[in-house]
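Colleague: One-letter residues, chain by chain:
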Amino acid sequence: MTPNPTQDVRGTGDSGGSRRSGAPTALAALGRGGTATVALLLALIFVVIATQNPSFFEGPPLMSFAKKAAPLVILAIGQYLVIVSGEFDLSVGSLVGAQVVIAARLIDGQEAMTLPVIGLMMVFGLVVGLVNGLVTTLLRVPSIITTLGTMLILFGAVRYWTGGAPTGALSESFRVPGRHGIEGVPFLGELPWALVIALVLAVGAVFLMRSPFGRSLVATGDNDVAAAFSGVRVWRVRTMAFVGSSLMATVAAILIGGYAGVTAQVGDGLEFTAITAVVLGGVVLGGGRGTVVAAVLGALTVEALFTLFNQLYLPSTIQPSVQGLIIIAAVAYAARRGDLRLPERLRRRPAHPTERSLGTSRR
Amino acid sequence: MRVPRVLLAGAAGLTLMLTACTTDAPADSPEGGSGAELTPDEEWFDEAEFEAQLAQREIPPEGPEDQPWMQAIEPEWIDTSEFVHDAPEDATLCFSNASVSNPWRVTGFITMEQQVEALQEEGRIGEFRVSDAADDDNQQISDIQAFVDSGDCDAIIISPSTTATLTPAVETACESGVPVVVFDRGVNTDCMVTFIHPIGGYAYGADAADFLVENLEPGSTVLALRILPGVDVLEHRWAAAQEIFADSELEVLGHEFTEGDGAKIKDLVSQHLQRGEVDGIWMDAGDGAVAGLEAFEDAGQPYPVIAGEDELSFMRKWKEEELTAIAPVYSNFQWRTPILAADMILAGEDVPSEWVLPQEPIREDELDEYLERNADMPSLHYAKFGGEDLPGFPEAWTER
Amino acid sequence: MTTELLLRMSGVSKSFLGVRVLHGVDLELHPGELHALVGENGAGKSTLMKVLAGVHRADGGTIELEGRPVSFEHPVQAQRAGVTTVFQEFNLLPERTVAENVFLGREIRRRGLVDGRAMERATAELLAELGLEGIAPRSRVRSLSVAEQQIVEIVKALSHDARIISMDEPTAALADHEVEVLYRIIGRLRERGVAVLYVSHRMKEIFDLADTITVLKDGYRVDTVPADGVSPSELVRKMVGRPVSAVFPERLEPHGAHVGRVRLSVAGGGNTQLDGIGFEVRGGEILGLGGLQGSGRTEVAHALFGVERFTRGEVSVDGRRVDPRSPRQAVRSGLVLVTEDRKTQGLALNQSVAANGRLVLDAVWPLGSARRARRLPGILSSVELVARGGHGQEVRYLSGGNQQKVVLAKWLATEPGVMVLDEPTRGIDVGAKQAVYRLMRELAAAGVAIVLISSELPELIGMSDRLVVLRDGRVAGELPGGSGEEAVMAAATGSPHGDGSAAHDPRASASAGDASPDGPSSSEENGGGSPARHEEAAP
Amino acid sequence: MTRPPIPLTRNPRPRLDTTGLVYLALVLLLALSAALVAARGGNLFTTANTVDLFTRSSLLGFLAIGQTLVILCRSLDLSVGYVAALSTVVAATTMAGDPSRVLLGVGATLGVAGLIGLANGLVVTRLRVNPFIATLGMGLVIKGYLDTNFQGPAGSIPAAFQAFGYTRIGVLPVSTLVMLGVALAAVLFLRRTRTGYHMYAVGGDAEVARLSGIRSGVPTVTAHVLCSVTAGVAGLLLAARFGTGSATVYSGGYELEAIAAVVLGGTYLLGGRGGVAGTVAGVLILATLDTVFNVLAVDPFVKDVLRGVIVIAAVAVYARRGHPARRVRFPSGGTAPPGPGPGSRPGPDPSPESDPDPETGPAPQPLGGLR
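Top line first, the protein sequences correspond to chains A, B, C and D.
Each residue of the first sequence is one higher than the one before, counting from 1 in my numbering.
Each residue of the second sequence is one higher than the one before, counting from 364 in my numbering.
Each residue of the third sequence is one higher than the one before, counting from 764 in my numbering.
Each residue of the fourth sequence is one higher than the one before, counting from 1303 in my numbering.
Simulated from the structure, these hints should not be mistaken for laboratory data.
Fair warning: there could be bad hints in the mix.
To spell it out: a stretch of chain C is covered by chain A in this simulated footprint if at least three of its residues, at any positions, have a beta carbon under 8 angstroms from a beta carbon of chain A; those stretches are [unchecked claim]: (1) 1079-1092; (2) 1101-1115; (3) 1121-1127.
With the C-beta cut set under 8 angstroms, the calculated list includes, among others, these residues of chain D facing chain C [as the list claims (entries may be wrong)]: (4) R1496; (5) Y1502; (6) G1506; (7) S1514.
Given the structure is predicted, the values throughout are model-derived calculations rather than measurements.
All residues carry an ideal CB built from backbone N, CA and C; glycine is no exception.
All chains, please: the whole structure from these sequences, using the hints.
Modeller: See the structure below:
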């Protein structure tokens, strides 16, 4: 549950005057969810990168960027599912770390184990997502606490299991998706599998969000009471969102593990980077607003920003400061522009009988 | 909504100024991905200590040659008879550990536990209590305080998480009258009975830097990969490297903080490779060295000359790809020494007041030997862990 | 009543989004007077009160308090001037105590610190003055009953040293015996010289309490009359200003296959809020579900819809026993509910018209939703939706009436057999109301069974073929369509038929009405409703 | 059917509120832990362990008290760890080992912390940035500043001020006393000042607060300032214990632990309900767990697992208790429907929502139901 800032509540009369006269529909649609804003920001960053390093847009460097960015894009898709349904998932960073460590330990360098272990990782991701989702929806623990808890649990349990440092090794075939690609593509050189996977997942996510499930999910994030009254099984769609997030984190783990192998620090802090990416894309914390494309663009923007920092030889220590300012500025800008304003949370009246019982309807 | 906008701009500007202004002062910080600065930070560079450590590399240590963990360089033996324990088999050793949050510490801690078991079986020490501070300075201060207050400890061993911040706590421990043994990172006091450490960060950084200078043509480019700022043992390594690179004709492309995260290392190296050649890699710790090398593979570029660490995945890669490489060593076997020192102290034997352990890098000629010795060991294990003669070998390390 | 003038509002006008809702309204208040403000829903009563309270600012006209012109820009200014308002929605913090709520925003301080004891003492004194020692100033508002919360609101108003208190349907949520407490409180207020501006739909209360009555209609003041100079029927005529039937569309010729068959039957339904609920509705029929607010109307709707389901009794839709445990199951069985609160329960405001329209299809029949959603454009045009941005427009930019049409379209897309409409015309303009009425008629003609819940008696009576009136969670009686308002009110309040304005002790009348709570009708239905199985195909 | 004659009187039943429950949980936890430790042949309440427990609670206490205020206003502060780290540096460099500069150092530290809180509050209220993002961003900004300018320990704390970190009276460390003092001050602030009252109002229902003439920005900004100031105090405590400024302490994950303590203390994450007394109990519960884990030499990674499980479980328990109290008009068994209808199923109601809540009052009264 988002701690919504409380200052945006309108008067009790429903006549606060929030009607906007019809802006051109196409433009409005483009601007909706902040897609335009983040696309512009991304373009801007790419332009600056290009001036610094013109060769960046020649195939291989761009593909190398794509390879690096793919895991965050995938994590952002997962985080988007959860955020748009009105919740948070802080456990993804820990989950990525845990999955890589699990993979290394169980595969232990044996090629034959690769596929079974990937299957097992998927199951594990599913279980983590189910736990996050069911604890949040059925036990009504705020998701920030639930996923904070799973974050601690995963972090501790995996280290306990491996005695503190990862053991074992990944097999070569495990590393293919994250590290290699389709060779000999004209101009690009190598088309990384990571990019292919991220593209497939992004396209899949776009279709998912246009499906009945996707629309139910967004409606739930926007107004879970209305969604419940419309027959949406709120607990179910939210739990599915958490499962989606955990599965995406698992895929990201396969790519990250494949990209760079096992180190003890894998996944640290990824949850905040992923949330940053999603929010930068104009997806509103609290749910109901923003598109998956915007979230993907947000992830690319974050990665491009890191690349830019590097190109500019910005001391790596100052990068967090710039990152912090940019996300505050981006969200403030979005809040200032009417179209991204936080959803007008209607006053929750605990005295109202239906709101509570339905809002958390749990059958 | 004009006000917020102005406010935002103002706040942003102000904060940028705040964060940026001090970076302009070169005396303060050796910043620069641009790599121009090769003057070691005064805060971290102690010329005398630097020279001393370089010299110590050449001094043959005292002590049994097959037990480097019992060797000491230029020891100053001190009498510990005041700490003699009547019944050492009942003596309680208390160990305040900073953490086991990285593979080096994990390996070391297993060695330590095995050493404890060995001594317990011999009836030379009794209970062994450990508290782990999970890298939290404040937690470790509490942990040490708890040991002191409990009054059960007959010796306190401390592996401080940070040098400066743990000083008061170590002093408190000393004041309690119990013998205190400090190892790995130091503290700003000499109240403990003995301070055990390998030669040090300067020597480590110098070993690595010297190797690069020797093996690279003048004018070659070197990229420095560092873990975190502000950790003294790591800062010393970098300060020594800066000193040596400054006197060389190598071009340092920059130094980057990686948090030891393989993905970050690989990404950073890839980006540098996009912009130009990288001939040498200097690392302040070997974590993720393999990821860095893979960036060269993936970019289709020849392997660099690299200074990693005695971590096995790196050494195996070295062997496989026949790299020009060195594995500087921050002697992992030092984890055995504090237990042995405590045992000696409780027995009233003399110990060196500052116990400087040998610290020799693994060079190409010893590579095969160390790989063979550690053939069963997992990756992320450290070659010079020095536990081969302990009873739990090898299961304790392979099946952690 | 003294003659000195306390408040004079003259020529007050107010528009929202270009729609004029108040046209030059005048109003005068004298100390100790109870001035009733009556009119149909949407006549402008609440807006007038909000202008007085400083929630809205008037576009035109003047307000004089004791001869001095005032202009309240914020409720707090009005309160400081002694003008306080008890809104229909409670403005209380449930987690705080009674005393803390009463003094919210102007806590009593001593030496710079808030003096909680003093506030509790002051609250206790205020409560005692009203003879309500039963409420402890330290109890949390959350733990109070609705009636008690209402009283806290009044005490809060009083604590401002109010000279004018306006009350917006204060009895709406109260049971009879609680209303009596309110009478007593109002009596004491008037003794203290406080002027009360009182909005209510209940004729009986108005004639029990009021000195003066102002009638509003469509934003105009129709008349101001002394209460003893007008009869209830005259008053109703002034309020409505037209024959009741004229505003409602005629019944249409039924043509659906289900016309005349029992589509919904409830027998012996009960849960913690309801007991012995029984009625049946046939295809083509509009059943009005009447009763005061809090009588259990919405609870019946929710029970049918699986929100707060019946734990006793049985429900059949088209002859099949159903026990919906969730809205989803109810929808699948062919029963839908148009909820009373559009914004919190009906719509996802940030989503488009199209997305809201197909939400139910998406949620309930995810596989067939694309096919079913093809009907949606047609449905949206049949409900006469006006959305400038097309179906991609977010619904929060629509007017209340158009929002309601989106809600209706959302449910119509499921092709329901039984439709429960809870306050379907609340807060929407006249044109949209007409559209809703026409739609109901068309649906009924097509064989849909409709249950209409409404607080607007003319609407309820004018639209329904039959009325079931609830009181305190039970069926109080069943009336034929076209019954008089008095008869419905009598059943709803439990007072005997006839002229309710007589100086009757409400207590006595309430107990009289209680004698036979369920009447014969419900037991009759109990026998006939459920066992009879109509082997009919699903709609 | 008859009605109780006077509907408005009720027997006020003594009922355990959430704070009481938290303290009960604390006592139970202590008893259980003591038993567990005793079973292992130890003693939980030795001086050493008690001191340890209190010391652990003071740092977290400062952070959690401030966080409580912010959460009560329905906001959040994820920057406290960074503020504490910055504070150690500001304190140590300002004091520079000179005892005469202690006051200056404390003043400067709290001033800087307060300014950061002000910035947080203004960004949240004026720029309407979601507090999660606003304070996360602020934390990153501070992190960048610290990393850039302080690599390693900075400044030095004079011995006189180190006493704040190490002195104790009996088993009670001075820092714990100060923490309890701050807690008391915060309780008084919430119970005896208007701004404190208004925090509950803004967090509970911003619209009600606005209609009552409360400017919602004021309590929220105040809460953020106070939260940062208590984080500054935490930084002072850290500096006193370290004897120097340490820029890297932000990595301790304090902010999330503080939030966990607040929620464990029964404060509602969405504002308007709860208080500092509960938070102190929450802090003590976490500190007890840590101490017990330490005494029992639990693996540090298992500690994380247990902490995660306990926090989730505790909040789940509150969530269950926090059910809106629905008034019951008809007992769930029901007055039998008139006539023995074939489908009538009197009996216990299976759905938890409609269970009569025993706390709402004596016997179901036919008062007006909730509308």
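Colleague: Residue count check for the stretch 1079-1092 of chain C against chain A: does it reach three with CB-CB under 8 angstroms?
Modeller: It holds, with 4 qualifying residues against the three required.
Colleague: Min Cβ distance, R1496 (chain D) to chain C: is it shorter than 8 angstroms?
Modeller: holds (5 angstroms)
Colleague: Examine the stretch 1121-1127 of chain C: at least three residues should have C-beta closer than 8 angstroms to a C-beta of chain A.
Modeller: Our answer is that it holds, as 7 residues pass the Cβ test (under 8 angstroms) against chain A, meeting three.
Colleague: Does S1514 (chain D) pass the interface check with chain C, least Cβ-Cβ distance below 8 angstroms?
Modeller: holds (3 angstroms)
Colleague: Three residues or more, CB to CB closer than 8 angstroms: is that satisfied between the stretch 1101-1115 of chain C and chain A?
Modeller: It holds, with 10 qualifying residues against the three required.
Colleague: Does the closest beta carbon of chain C sit nearer than 8 angstroms to the beta carbon of Y1502 (chain D)?
Modeller: holds (6 angstroms)
Colleague: Holds or violated: the hint that G1506 (chain D) contacts chain C, with Cβ atoms closer than 8 angstroms.
Modeller: Because about 4 angstroms separates G1506 (chain D) from the closest Cβ in chain C, which is inside the 8 angstroms limit, the hint holds.
Hint compliance for this structure: no hint is broken.
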